[in-house]
Amino acid sequence: MSTPVTQRILGRHPLGLLFAAPYAVFLAMVFAWPLALAVWMSFHDYFFAAPGVPVDRPFVGLDNYVTVLGDPDVRRSFVNVGIFLLINVPLTVVLSLVLAAGLNAAVRARTFLRVSYYVPYVTASVALVAVWLFLFSSGGLVNEILGPLAPSPSWLVNAKAAMPVIALFVTWKQLGLFILLYLAALQAIPRDLYDAAAVDRATGLRAFWHVTVPGVRPATTLVVILATITGANLFTEPYLLTNGGGPDGASTSPVFVMYQKGIEQGNPDTAAAIGVVLVVAVLLISLVNRKLLERD
Amino acid sequence: MKSKFLTTSAAVLALGLTAACGGGGDAESARSAKGPIKVWLSNNPEEITWGKAMVKEWNAAHPDEKVTAQEIPAGKTSEEVIGASITAGNAPCLVFNTSPAAVPQFQKQGGLVPLDDFSKGTEYVESRSGDSAEQYKSPDGKYYQIPWKQNPVMIFYNKDLFKKAGLDTSKPPLTTYADFLATSKKIVDSGAAPSAIAPAPSSEFFQSWFDFYPLYAAESGGKQTIEDGKATFDSPDGKDVWNFWHEMYAKGYSPKEKYDGDSFADKKAAMAVVGPWAIAVYKGKVDWGVAPVPTKDGAAPGDVYSFTDAKNIGLYSACKNQQTAWDLLKFATSEEQDGKLLETTGQMPIRTDLATTYASYFQKHPEYKTFADQASRTVEVPNVPNSVEIWQNIRDEYSSSVIFDKTPVDDAISKAAASANDLASGS
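Protein sequences, first through last, are from chains G and V. With our numbering as the guide, the letters of the first sequence map in order to residues 1 to 296. With our numbering as the guide, the letters of the second sequence map in order to residues 1001 to 1427.
If we strip away everything but chain G, and leave its shape as in the complex, we get:
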């Protein structure tokens, strides 16, 4: 029996479309439309103008891309964020998995520890940055403790240390969310697997390596992709912690450069081109990560 045309288009429960519509519209307005507009802007000579002002916005082909890829500040921002991701993503995966496994096993103070890890995630970055400035500035607590071992120049004005400090800050701040993801995944691993491993004398670290790590692999994929996406959007920390991507541009990020060019300098077309390059790069990294992590 053939399915009626309306049913093929609207599905078996047309009412479902109605319920899904508000979110679909929200997605289209907040994500799809701005993304499409950004792509369009990146191929045109575009600037923000008052409504009703006649403005010529000619098609410029790849000019904006040539400009941004030829700009050493933009290239440097991509290198910086690459360094950031190389530190932040593995550290996030390892720390959140280990801490989640520990929390999963802990009997005492489990709630207290969960809340403690989650608090930085829900605290405003501005407040946390103030704490880290207190810790890592020249006369800060860390240098006081290190004494003669403190780096010179100090952490946040040291071209080699600034980005790693930011990566450490973001790892610590985001850890709560990723621990929660791993906790959920850990609770889905059947107890039988650990019992079977114990029969084979695999306990402790070996059980962790052979049962826990493979058991949370889908969660690891999610953590890696989420950490990559949020990390690639790095902005607040270079803006506040290192005073605008300092020292001498050592901690600028592509989003920070987009802000400078698009908002401060009135060049949203080149800013959009950086954004498109960033989206493509993040998609590629995420695809590679997914392929690597979901291999059997």
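Hints are computed from structural coordinates only; laboratory data are not their basis. None of the values given here were measured: they were computed from a predicted structure. Among the clues, some could well be false.
As the list claims (entries may be wrong) - As a list, the in silico BS3-like pairs of lysine-lysine whose alpha-carbon atoms are at most 30 angstroms apart:
1. V/Lys1159 to V/Lys1142
2. V/Lys1142 to V/Lys1330
3. G/Lys160 to V/Lys1406
4. V/Lys1076 to G/Lys160
5. V/Lys1415 to G/Lys160
6. G/Lys160 to V/Lys1251
7. V/Lys1364 to V/Lys1283
8. V/Lys1076 to G/Lys173
Stated by the list, open to error - Covered by chain V, per the in silico footprint, the following chain G stretches (three or more residues, Cβ under 8 angstroms):
9. 39-53
10. 150-158
11. 209-219
12. 231-245
13. 276-282
Using N, Cα and C, we set each Cβ at its ideal position, and we do this for glycine too.
Fit chain V to the known structure of chain G by using the hints.
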């Protein structure tokens, strides 16, 4: 169904085109219209006090042209909020905090109304501010801002810390670069303060207005960074200024790390680059003295130029009752209101003969007199296309060479000047 969709689309498109084409007529009628308007004030408490009192006076005399004043909505900077409101079409009629550096961008966006379009507009601007007005003229020869008030930049020093360092507190040696460096050495070596002076070493485009630019204005005898479309600072004067600050950082007299607070109030630095606003801010906290910015070989205080640090008033094109906005603008910049602004905020109205017009004020407040005198020798940021991008490039090169010593000063200054030449031409 398809034809209905097409008809509706055509109707929407036609409506949009009609609205767009109607813009010209709307603009014409808005220019002469009178009625209620909205204005934005800066978030400086003293300016808000003055602004609210000024608006109250206006409203009492003009019940049919009611003015509503509010602080500029919160944002990273006022310029970003104003830029966004221009794009959204909901900018207020007047903003009493329009940065001269942002005017070229707002003008390009079509967000500003040329004041010359109003009856005797040009005459009003020029008669109030005299020759200083010229610096605020846009490349098309029109005024898209009225020069309102300035905070001429000078050097504040902490007398207690200077005394501790064994320095003269009434006329400390701060006139030449050699004097300034020797004074800084004494401050740091004596342990009077960890730093001699601490301009923000961060990379925001506007930070050069408080280290490089005041000294360049002084050293060059009042030159802007760009004149007649060409960068002027790739010159012996510009290099002297960059080399002076380079030495301040290299010798540890100025910190490379931004202090998270007020280094002058917290006695982490014995000097600061300030405007007259600082008098009220440090009252009762620091026993201060004031000196002009230094020059390489020294100059009489009456010959030293500096940076204006001005904020102006812009009339925005989204305004529906622009004649009221223009009338309010003239009221707010009248001799009487300028006097009240000076009295309330200590900031200097950009008027001819400031010191004589408000002689009684300066007699009562002699501490402001030095700044009033400096106000007659100030230099504004150049009104050129891509202004913010030019300042950002200058800042980046300055950071790299002067603060962090990564590139030679001569190379960096030439690179910044070459980029400024390109950008100022509008490319």
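In ascending order, which of the hints set out earlier in this document are inconsistent with the structure? Result: hints 1, 11, 13 break, sorted rising.
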